[in-house]
Amino acid sequence: MKPEELANFDAFLRNPKLVWDWYKHRQEIISNTKPNPAHLAIAKLEEYYDVTVVTQNIDNLHRRAGSSKIFELHGNIERNYCIECRTFYNSPELEFRGGIPKCERCGGLIRPDVVWFGEMLPQDQFTGGEQAAALSDICFIVGTSAVVYPAAYIPFTARESGSYLVEINIEPTEISSVVNYSIYEKAGTALPVIAEVAAEIKSSQT
1 MKPEELANFD AFLRNPKLVW DWYKHRQEII SNTKPNPAHL AIAKLEEYYD VTVVTQNIDN
61 LHRRAGSSKI FELHGNIERN YCIECRTFYN SPELEFRGGI PKCERCGGLI RPDVVWFGEM
121 LPQDQFTGGE QAAALSDICF IVGTSAVVYP AAYIPFTARE SGSYLVEINI EPTEISSVVN
181 YSIYEKAGTA LPVIAEVAAE IKSSQT
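Numbering follows UniProt numbering, in which position 19 of the sequence shown is assigned residue number 19; successive positions increment by one, without gaps.
I should point out that these hints are in silico values taken from the structure, not numbers from a laboratory. A couple of the hints might just be wrong.
Said to hold, decoys possible - With a cut-off of at most 30 Å between alpha-carbon atoms, the simulated DSSO-like pairs for lysine-lysine come out as follows:
| id | residue 1 | residue 2 |
| --- | --- | --- |
| 1 | 2 | 34 |
| 2 | 17 | 34 |
| 3 | 202 | 34 |
Produce the entire structure from the sequences given, and follow the hints as far as they go.
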């Protein structure tokens, strides 16, 4: 089946076990994945600067790398919630009776806390990301095609507020023409260098 046939609320209501079988497999893969040098470099920058991460990824790797201020526009696959009472559960807490986790508080179905096809972004996460962009001095746009809206509006919010836009990608994207500077390199290569230089600059100022 195609992802869009499983990652939607109607499919979940029709066959929650099938959807959960798919997500348990995805959660297992992600739980065995470690943050890469790009995640670690971003977390390292937080030691010297006020850094906010606004991400479309659902893998929780920024948090595991050590970043503390994160807005997750598309949710977090390691977090789940009851569709009835909105009680939240981390994935290790779930008990799969009959292949389907049920809420301990009300008995409702529990679903992954990710944005499915046809759903709106979490308003608090998107608003937080927009506000962080508006307050930024530098906005790094890393590894995104910048074609998925409304998330793709965020760099424009930063630009309109006077932020300096730096794109890091292996190739030009839809946003390349509006950024101040482009680095055509893998994030795992470019960001550790940026973090090292930024740390040296900060140290020289103290």
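* **Hints violated by the structure (listed by number, smallest first)** => No numbers; nothing is violated.
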